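Protein chains: 2
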Amino acid sequence: MRLSEEVTINEVGLRDGLQLESTVLSASQKAVIYTHLKKANVQEIEFGSFVHPKLVPQMANTGEFFEKIKGDTDVILTALIPNLRGLERANEYGVNAANFVFSASNTHNLQNVRQTTEQSLESLKIIVQYASAHQIDLHISIATSFGCPFEGTAPQENIMKITEQLLNYNIKRITYADTTGMANPMQVNRLMKEIKQEWKNFEFGCHFHNTRGMGLVNILAAMEANIAIFDSSLGGIGGCPFAPGATGNVCSEDVVHMLEEMGVRTGVDLDELLQASLQLKEFLGHELPGQVMKAGKSTRRYPVPN
Amino acid sequence: MRLSEEVTINEVGLRDGLQLESTVLSASQKAVIYTHLKKANVQEIEFGSFVHPKLVPQMANTGEFFEKIKGDTDVILTALIPNLRGLERANEYGVNAANFVFSASNTHNLQNVRQTTEQSLESLKIIVQYASAHQIDLHISIATSFGCPFEGTAPQENIMKITEQLLNYNIKRITYADTTGMANPMQVNRLMKEIKQEWKNFEFGCHFHNTRGMGLVNILAAMEANIAIFDSSLGGIGGCPFAPGATGNVCSEDVVHMLEEMGVRTGVDLDELLQASLQLKEFLGHELPGQVMKAGKSTRRYPVPN
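Residue numbers (numbering that gives the first Met the number 0), protein chains in the order written: chain A, 0 to 305; chain B, 0 to 305.
It is worth saying that the hints were derived from the structure and are not from the lab. Among the hints, erroneous ones may be present.
Straight line, CA to CA, 30 Å or less: simulated DSS-like cross-link-like pairs of lysine-lysine [claimed, not checked]:
hint, chain 1, residue 1, chain 2, residue 2
1, A, Lys-160, A, Lys-199
2, A, Lys-280, A, Lys-69
3, B, Lys-195, A, Lys-192
4, A, Lys-293, B, Lys-296
5, B, Lys-293, A, Lys-296
6, A, Lys-37, A, Lys-67
7, A, Lys-192, A, Lys-160
8, A, Lys-160, A, Lys-195
9, B, Lys-67, B, Lys-38
10, B, Lys-171, B, Lys-38
11, B, Lys-296, A, Lys-192
12, A, Lys-192, A, Lys-124
13, B, Lys-160, B, Lys-199
14, A, Lys-53, A, Lys-69
15, B, Lys-192, A, Lys-192
16, A, Lys-38, A, Lys-296
17, A, Lys-124, A, Lys-199
18, B, Lys-53, B, Lys-69
19, A, Lys-124, A, Lys-160
20, A, Lys-296, B, Lys-192
21, A, Lys-280, B, Lys-293
22, B, Lys-280, A, Lys-280
23, A, Lys-293, B, Lys-280
24, A, Lys-293, B, Lys-293
25, A, Lys-296, B, Lys-160
26, A, Lys-280, A, Lys-37
27, A, Lys-280, A, Lys-53
28, A, Lys-171, A, Lys-124
29, A, Lys-38, A, Lys-69
30, A, Lys-296, B, Lys-280
31, B, Lys-160, B, Lys-192
32, B, Lys-195, A, Lys-296
33, A, Lys-199, A, Lys-171
34, B, Lys-296, A, Lys-195
35, A, Lys-38, A, Lys-280
36, A, Lys-160, B, Lys-296
37, B, Lys-199, B, Lys-124
38, A, Lys-171, A, Lys-195
39, B, Lys-296, A, Lys-280
40, B, Lys-192, A, Lys-195
The model shown is predicted, which means the values in this text are computed figures rather than measured ones.
Turn these sequences into a full structure, and let the hints guide you.
Dropping the structure here:
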């Protein structure tokens with residue numbers, strides 16, 4: 000088993016994570032979580048999304064929250080955008096990295112952003128132009144890259160074709176998202192190997208959900224195909240509001256714990272990250288799916304009973 | 000990623016699974032679960048343990064339960080035994096496969112069976128003699144094979160040495176157990192590769208707990224080292240009463256789901272297995288950790304909203 004020595008964690012709890020929560024966190028509460036994440040030395044944070052506030056009220060204060068953290072230049076701060084309007088709003092706030100999301104599945108894309116996949120790809124042209132003109136790094140996330148709750152398994156050739164189209168544009172990263180936790184490790188390994196074989200030097204990442212318990216194992220399978228950038232969510236919260244059956248993202252602490260136990264460096268301070276999760280749990284007022292926050296790290300020792 | 004095409008599932012829910020439950024299932028309730036497991040075509044079942052009833056009251060009716068199912072010859076029915084006395088009781092009931100458990104960690108073995116590891120290995124001699132004389136297949140489970148909550152990480156050379164000693168005896172299988180979910184995939188892959196390299200043709204299995212979310216990923220890592228026998232527990236219940244921090248075994252349905260999704264055959268009917276879990280949940284009166292029983296299989300389709 001050969002794995003890369005380093006992995007980059009892109010923390011998406013403040014965006015994908017909070018989307019399905021009934022409690023809406025205030026900008027100040029988000030800033031408290033952010034401070035914990037900074038302490039934990041997390042290098043990339045997707046901090047919110049510029050979508051219509053009526054559609055995703057949890058994200059309505061994204062701009063207000065960004066005002067509190069925008070001075071921070073040593074963290075890559077990314078905002079999700081569903082369209083040009085979102086990117087324009089992000090730009091008004093001074094955001095300099097955006098994550099444009101659309102779905103490989105037509106049906107899911109229509110539900111999520113009211114466009115066909117083809118239309119999203121078409122609208123990407125002006126999004127890229129705008130981003131380039133305003134020095135905004137553009138990441139692309141392909142939702143339902145492995146499966147769609149309406150259409151079923153994503154055909155690999157479709158994902159390859161979309162990737163090829165995307166690579167004509169001036170973009171910085173492509174992330175393959177398993178939006179509703181349908182991917183299995185064999186499928187992940189196969190797709191990511193083909194992607195990495197076809198396009199050796201581009202920046203690719205993966206985004207897994209733990210809906211059916213396969214979040215960590217899919218990360219390992221992707222690592223075995225040389226992927227070294229992963230989205231994950233504090234406490235394992237999250238899910239897409241427009242994807243039935245969507246549940247928690249793979250949990251950041253559990254990912255970092257597994258990687259560090261294997262000797263793979265993440266640069267993240269796990270103890271501080273666990274503090275961030277405990278704070279998030281307090282804000283949300285319920286148990287979070289993360290397991291290391293309950294069990295403690297593997298290195299935890301117990302006293303011997305008499 | 001090369002994996003074996005077939006995997007054997009050894010269902011341990013009725014033994015390891017029930018051990019930590021406050022509700023004690025009656026022999027008849029266990030028989031109901033058993034009937035579901037049979038319907039699901041599970042080939043191996045660890046149905047209980049012959050330990051002192053005061054120490055593990057959930058197992059006190061193991062003999063009574065076995066009386067109800069002993070006619071069944073097409074399933075391998077294994078009982079856990081901690082010592083010769085347990086094996087003698089198992090034999091009185093007509094059990095013909097036993098699983099002798101001891102710990103690689105001295106401290107844990109003293110807590111669990113009040114013997115040092117050396118003493119357990121010593122007592123194995125007469126256990127093997129007795130089993131051979133009575134045509135009982137003997138499986139061995141090495142608890143804390145990857146880590147111990149008192150002693151920490153298990154040194155690989157220690158596990159190799161114990162394995163070598165065990166292979167002098169007339170035994171049928173050795174199972175490496177991660178009793179409190181401390182193993183990581185790299186460690187699992189490394190140990191199992193060395194074991195399989197040293198002793199090519201012996202029957203080895205693994206037993207993982209999902210304490211820190213790594214149950215499935217450790218199975219994949221073991222499969223990549225050619226291990227194809229895995230213990231798992233219905234609904235993901237379970238844990239060792241003498242190991243602090245022990246929580247659920249890796250969940251049978253989640254394991255079967257992952258394997259079948261990857262095209263690895265288990266022979267198990269997943270839909271029937273899910274029925275077994277739902278029945279178990281009803282008997283125990285609380286949610287179980289299993290995730291596929293909540294989310295449904297990856298193949299689940301949702302209607303498109305209007």
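Here is how each hint holds up against the structure:
1. A:Lys-160 x A:Lys-199: Holds: Lys-160 of chain A and Lys-199 of chain A sit about 16 Å apart, inside 30 Å.
2. A:Lys-280 x A:Lys-69: 25 Å, holds
3. B:Lys-195 x A:Lys-192: Holds, because 27 Å separates the two Cα atoms, which is no more than 30 Å.
4. A:Lys-293 x B:Lys-296: Holds, at roughly 26 Å.
5. B:Lys-293 x A:Lys-296: 26 Å, holds
6. A:Lys-37 x A:Lys-67: 13 Å, holds
7. A:Lys-192 x A:Lys-160: The given pair, whose Cα atoms are some 15 Å apart, holds under the 30 Å limit.
8. A:Lys-160 x A:Lys-195: Holds, at about 14 Å.
9. B:Lys-67 x B:Lys-38: This hinted pair holds, its Cα atoms lying about 16 Å apart.
10. B:Lys-171 x B:Lys-38: 26 Å, holds
11. B:Lys-296 x A:Lys-192: 25 Å, holds
12. A:Lys-192 x A:Lys-124: 28 Å, holds
13. B:Lys-160 x B:Lys-199: Holds. Lys-160 of chain B to Lys-199 of chain B sits at ~16 Å (cutoff 30 Å).
14. A:Lys-53 x A:Lys-69: Holds - the C-alpha atoms of Lys-69 of chain A and Lys-53 of chain A are around 24 Å apart, at most 30 Å.
15. B:Lys-192 x A:Lys-192: 23 Å, holds
16. A:Lys-38 x A:Lys-296: At roughly 19 Å apart (the allowed maximum being 30 Å), Lys-296 of chain A and Lys-38 of chain A satisfy the hint.
17. A:Lys-124 x A:Lys-199: Holds. Lys-124 of chain A to Lys-199 of chain A sits at ~24 Å (cutoff 30 Å).
18. B:Lys-53 x B:Lys-69: Holds, at about 25 Å.
19. A:Lys-124 x A:Lys-160: 17 Å, holds
20. A:Lys-296 x B:Lys-192: 25 Å, holds
21. A:Lys-280 x B:Lys-293: 22 Å, holds
22. B:Lys-280 x A:Lys-280: Holds, at roughly 26 Å.
23. A:Lys-293 x B:Lys-280: Holds, because 22 Å separates the two Cα atoms, which is no more than 30 Å.
24. A:Lys-293 x B:Lys-293: The hint holds at about 21 Å.
25. A:Lys-296 x B:Lys-160: 27 Å, holds
26. A:Lys-280 x A:Lys-37: Judged against 30 Å, a Cα distance of about 18 Å means the pair holds.
27. A:Lys-280 x A:Lys-53: Answer holds: Lys-280 of chain A to Lys-53 of chain A is near 25 Å, not above 30 Å.
28. A:Lys-171 x A:Lys-124: 15 Å, holds
29. A:Lys-38 x A:Lys-69: Satisfied, since the Cα-Cα distance of roughly 16 Å is no more than 30 Å.
30. A:Lys-296 x B:Lys-280: 28 Å, holds
31. B:Lys-160 x B:Lys-192: Roughly 15 Å between the alpha carbons, so the hint for Lys-160 of chain B and Lys-192 of chain B holds.
32. B:Lys-195 x A:Lys-296: Distance of about 29 Å is within 30 Å: holds.
33. A:Lys-199 x A:Lys-171: 14 Å, holds
34. B:Lys-296 x A:Lys-195: Holds: Lys-296 of chain B and Lys-195 of chain A sit about 29 Å apart, inside 30 Å.
35. A:Lys-38 x A:Lys-280: Distance ~18 Å between Lys-38 of chain A and Lys-280 of chain A Cα, so the pair holds.
36. A:Lys-160 x B:Lys-296: Holds, at roughly 27 Å.
37. B:Lys-199 x B:Lys-124: Holds: Lys-199 of chain B and Lys-124 of chain B sit about 24 Å apart, inside 30 Å.
38. A:Lys-171 x A:Lys-195: 15 Å, holds
39. B:Lys-296 x A:Lys-280: 28 Å, holds
40. B:Lys-192 x A:Lys-195: OK: Lys-192 of chain B and Lys-195 of chain A at ~27 Å, within 30 Å.
Figure legend: structure checked against the earlier numbered hints; every hint is met.
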